[in-house]
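Chemist: Listed here are the chains, written in short residue letters.
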Amino acid sequence: DAKTTQPTSMDCAEGRAANLPCNHSTISGNEYVYWYRQIHSQGPQYIIHGLKNNETNEMASLIITEDRKSSTLILPHATLRDTAVYYCIVRAGAGSYQLTFGKGTKLSVIP
Amino acid sequence: GAVVSQHPSRVICKSGTSVKIECRSLDFQATTMFWYRQFPKQSLMLMATSNEGSKATYEQGVEKDKFLINHASLTLSTLTVTSAHPEDSSFYICSAGTGRGGYTFGSGTRLTVV
Numbered sequence: 017d018a019k020t021t022q023p024t025s026m027d028c029a030e031g032r033a034a035n036l037p038c039n040h041s042t043i044s045g046n047e048y049v050y051w052y053r054q055i056h057s058q059g060p061q062y063i064i065h066g067l068k069n070n071e072t073n074e075m076a077s078l079i080i081t082e083d084r085k086s087s088t089l090i091l092p093h094a095t096l097r098d099t100a101v102y103y104c105i106v107r108a109g110a111g112s113y114q115l116t117f118g119k120g121t122k123l124s125v126i127p
Numbered sequence: 009g010a011v012v013s014q015h016p017s018r019v020i021c022k023s024g025t026s027v028k029i030e031c032r033s034l035d036f037q038a039t040t041m042f043w044y045r046q047f048p049k050q051s052l053m054l055m056a057t058s059n060e061g062s063k064a065t066y067e068q069g070v071e072k073d074k075f076l077i078n079h080a081s082l083t084l085s086t087l088t089v090t091s092a093h094p095e096d097s098s099f100y101i102c103s104a105g106t107g108r109g110g111y112t113f114g115s116g117t118r119l120t121v122v
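First to last, the sequence lines map onto chains C and S. Quick note: our numbering has the first sequence finishing at residue 127, numbered continuously throughout. Quick note: our numbering has the second sequence finishing at residue 122, numbered continuously throughout.
What you were told as hints is all true, and nothing was included just to trick you.
Below, computed lysine to aspartate or glutamate pairings styled on DMTMM-like, alpha-carbon distance capped at 20 Å:
#	chain 1	residue 1	chain 2	residue 2
1	C	Lys85	C	Glu71
2	S	Lys63	S	Glu30
3	S	Lys22	S	Glu95
4	C	Lys19	C	Glu47
5	C	Lys19	C	Glu82
6	S	Lys49	C	Asp27
7	C	Lys119	C	Asp27
8	C	Lys119	S	Glu67
9	S	Lys28	S	Glu60
10	C	Lys19	C	Asp83
11	C	Lys19	S	Glu67
12	S	Lys49	C	Asp98
Simulated coverage check for chain C against chain S, where a stretch passes if three residues somewhere in it have a Cβ under 8 Å from a Cβ of chain S:
#	stretch
13	57 to 68
14	118 to 127
Computed spacing ranges between beta-carbons, pair by pair:
#	chain 1	residue 1	chain 2	residue 2	range
15	S	Arg18	C	Gly118	25 to 35 Å
16	S	Thr90	C	Asn70	46 to 56 Å
17	S	Lys49	C	Gln61	18 to 28 Å
18	C	Lys85	S	Ser26	39 to 49 Å
19	S	Ala80	C	Arg97	36 to 46 Å
20	S	Lys28	C	Arg32	40 to 50 Å
21	C	Thr72	S	Glu95	36 to 46 Å
Worth flagging that the hints you see were computed from the coordinates, not collected in a lab. Note that the structure is a prediction, hence the values are computed from the model and not measured. All residues carry an ideal CB built from backbone N, CA and C; glycine is no exception.
Let the hints inform the model, and build the full structure from the sequences given.
Modeler: Following this line, the structure appears as C-alpha cells:
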C-alpha cells in the first residue's frame with residue numbers, strides 16, 4: 017500500500033471548518049483513500065473513503081486532487097468532540113485487506 | 009449497522025496468567041477479522057489476520073504461540089494472551105471488514121499485566 021504523510025498536529029477553533037491534509041504521492045490507480053479517527057482510548061471510527069471523486073457524508077467531505085497525489089478531509093463545523101487522531105490510509109481494492117496505520121494527525125478543537 | 013463488540017474493555021491480570029479477548033460482529037458476518045495492538049502514544053500495529061475456519065496469519069515479530077487466535081464462527085474471533093507479562097500490557101483492538109469497502113473496529117481492550 018502507498019505511504020501517506022500527514023502533519024503531526026493541528027488546531028481548529030470550535031465551529032470552524034477543520035481541513036486535514038494528506039499526501040499520498042505514490043498512490044496507484046486501484047488504491048482507495050480512507051480516513052479514520054481515534055478518540056482517546058477508543059477504537060478507530062470510520063469517517064469516509066474515496067477513489068478519485070470527491071465524497072461527502074454526514075460526518076465529513078473528502079476532496080481528492082485530480083492527480084490523486086493528495087487529499088483533504090474537511091469537517092465542516094468542528095466541535096470539541098471532534099478532537100482526535102485522524103488517520104489517512106491508502107489501500108488497494110475493496111476486499112478484506114488489513115489497514116496499515118501511520119502516525120496520523122492529532123486534531124485539537126479549541127473552544 | 010456494522011457493529012463490532014469487543015470484551016472485556018479493561019482487564020488486569022497477574023503475570024504468568026492467560027487472558028482471552030472476544031471480538032464479535034453483531035449484525036454482519038465477518039470471514040476475516042484483524043487484531044491490532046497499540047502502545048501509549050503510538051499508532052495501531054497489526055498483529056494478525058484472523059480467518060474463519062483456518063489458521064490465523066501473524067505479522068512478523070508476533071509470537072503465534074503467545075497470542076492465540078481462534079475464529080471458529082463467522083461472528084466471533086478470540087485473542088488469548090498466554091503467560092502474560094508486563095510488557096504485554098497494551099491496548100488491543102479488533103476490526104472486521106464489512107464487505108462494503110469499510111472496516112468497523114471494536115472499542116478496544118486495555119490489558120494491564122501486574
